[in-house]
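Input sequences plus hints: build the corresponding full structure.
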Amino acid sequence: MTDTTVTHTSQMEPRPAGWRGIAADWASDQRAFKNVSWGKAMMWIFLLSDTFIFGCFLLSYMTARMSTRVPWPNPSEVFALRIGGSEIPLILIAIMTFVLISSSGTMAMAVNFGYRHDRRKTAILMLLTAALGATFVGMQAFEWTKLITEGVRPWGNPWGAAQFGSCFFMITGFHGTHVTIGVIFLIIVARKVWRGDFDTGRPGFFTSRRGRYENVEIMGLYWHFVDLVWVFIFAFFYLW
Amino acid sequence: MAEATANGLGQHALHATDAHDAAAVATTDTHQEHPIKLYLVVWAWLFILSTCSYLVDYFGIHGYLRWSLILIFMMLKAGLIVAVFMHMAWERLAMMYAIILPPILVLVFVTMMVFEADYTLLTRIAFFGPGP
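In order, the protein sequence lines correspond to chains D and P. Quick note on our numbering: the first sequence kicks off at 1 and runs consecutively. Quick note on our numbering: the second sequence kicks off at 1 and runs consecutively.
It is worth saying that the hints were derived from the structure and are not from the lab. Just so you know, these numbers come straight off a predicted model, no measurement behind them. Be careful, since some hints might not be right.
Stated by the list, open to error - If you anchor each label on the Cβ, the simulated ranges turn out as follows: (1) D:M42 with P:E116: 30 to 36 Å; (2) D:G84 with P:L121: 37 to 43 Å; (3) D:P71 with P:V108: 25 to 31 Å; (4) P:F109 with D:F206: 45 to 51 Å.
Said to hold, decoys possible - Under the rule of at most 25 Å between Cα atoms (straight-line distance), these lysine to any residue pairs were calculated in the SDA-like manner: (5) D:K146 with P:K37; (6) D:K34 with P:G79; (7) D:K34 with P:I48; (8) D:K34 with P:M95; (9) D:K121 with P:G60; (10) D:K146 with D:T135; (11) D:K34 with P:G60; (12) D:K146 with D:P89; (13) P:K37 with D:E150; (14) D:K121 with P:Y39; (15) D:K121 with P:I72; (16) D:K34 with P:V41; (17) D:K121 with P:F47; (18) D:K34 with P:I99; (19) D:K34 with P:A98; (20) D:K34 with P:M88; (21) P:K37 with D:I218; (22) D:K146 with P:G60.
Glycine is no exception: its CB is placed at the ideal position from the N, C-alpha and C atoms.
Written out as structure tokens, the structure is:
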């Protein structure tokens with residue numbers, strides 16, 4: 001079993017700068033992403049396709065919101081929480097945002113310690129990331145429960161345009177699913193790191209290929225993407 | 001015998017392959033080693049920007065100011081996450097353009113759907129009246 005061959009950037013003739021360089025990289029029968037491993041390139045391409053999925057969700061939400069005659073429910077009021085006797089607008093969503101950003105921060109540091117082959121710190125930071133992700137999903141479950149008890153359904157709600165419910169459940173549900181899958185994968189990769197799979201070159205159980213610490217970075221790409229999608233959902237669905 | 005990568009900027013040299021270890025684990029590792037401080041600074045900025053976008057809602061800013069502020073904070077946050085956390089700033093230009101350009105095409109779709117939504121709204125008003 002051999003790994004894919006790598007075009008070493010130093011052995012190639014120098015490329016022209018800018019667009020001509022890009023054309024030269026893509027042209028002729030060769031590997032387009034020179035020093036990028038396939039695992040990472042494929043994760044990026046998967047994330048690109050996922051971008052289109054979430055892009056289409058937000059687009060359909062925009063279309064629904066623009067084309068309805070009935071006023072759209074005010075998210076600032078819908079997602080307000082009563083804390084200490086006063087209504088604080090959007091507070092739960094703000095906390096969820098901070099939790100997810102923090103998980104992105106710990107993940108970035110886990111990747112860093114992974115490349116330093118610090119197994120212990122990497123695994124602990126990844127598990128911390130997973131814990132923050134699970135917290136996020138828990139808060140989302142709370143939010144769903146609250147809205148459902150208040151009478152929000154995919155076909156209607158007490159405050160305005162009926163499409164509000166379907167857009168909300170579709171977008172946040174799909175995002176929550178992504179977070180949940182991310183948490184599961186984080187735990188799997190953290191276990192591998194902890195056990196030292198990437199130091200001993202132990203074959204993976206599904207692909208029977210040897211992993212490297214780059215796997216932590218690839219996992220991180222997925223996790224940061226989940227955070228990235230939330231940035232757009234927060235702006236367009238909750239704040240707009 | 002370390003080989004310098006074309007785009008320097010903190011990206012460490014590709015590790016030279018050991019002759020006996022052709023299928024070695026570390027052959028293609030392009031190490032992304034940056035000081036932890038960089039991540040902490042970006043983390044802090046993401047917190048600040050999120051707080052700012054929350055305050056836009058908290059203080060009830062409305063109209064074009066609200067929308068432009070939301071979009072600015074959103075793009076800054078997205079840029080920081082992609083560039084630093086996802087290490088896109090240190091990737092090869094061919095890779096960057098392959099990933100970042102296609103999503104921009106979604107804007108074409110957005111334009112189409114804006115016209116479509118306006119048309120639908122117009123039709124609804126024409127048939128059902130201006131709404132409850």
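How the hints compare with the structure:
| no. | hint | result |
| --- | --- | --- |
| 1 | D:M42 with P:E116: 30 to 36 Å | holds, 34 Å |
| 2 | D:G84 with P:L121: 37 to 43 Å | holds, 41 Å |
| 3 | D:P71 with P:V108: 25 to 31 Å | holds, 29 Å |
| 4 | P:F109 with D:F206: 45 to 51 Å | violated, 36 Å |
| 5 | D:K146 with P:K37 | violated, 39 Å |
| 6 | D:K34 with P:G79 | holds, 24 Å |
| 7 | D:K34 with P:I48 | violated, 36 Å |
| 8 | D:K34 with P:M95 | holds, 9 Å |
| 9 | D:K121 with P:G60 | violated, 42 Å |
| 10 | D:K146 with D:T135 | holds, 17 Å |
| 11 | D:K34 with P:G60 | violated, 49 Å |
| 12 | D:K146 with D:P89 | holds, 15 Å |
| 13 | P:K37 with D:E150 | violated, 45 Å |
| 14 | D:K121 with P:Y39 | holds, 15 Å |
| 15 | D:K121 with P:I72 | violated, 35 Å |
| 16 | D:K34 with P:V41 | violated, 30 Å |
| 17 | D:K121 with P:F47 | holds, 23 Å |
| 18 | D:K34 with P:I99 | holds, 15 Å |
| 19 | D:K34 with P:A98 | holds, 13 Å |
| 20 | D:K34 with P:M88 | holds, 15 Å |
| 21 | P:K37 with D:I218 | holds, 21 Å |
| 22 | D:K146 with P:G60 | holds, 24 Å |
Checked against the numbered hints above, the structure breaks hints 4, 5, 7, 9, 11, 13, 15 and 16 and satisfies the rest.
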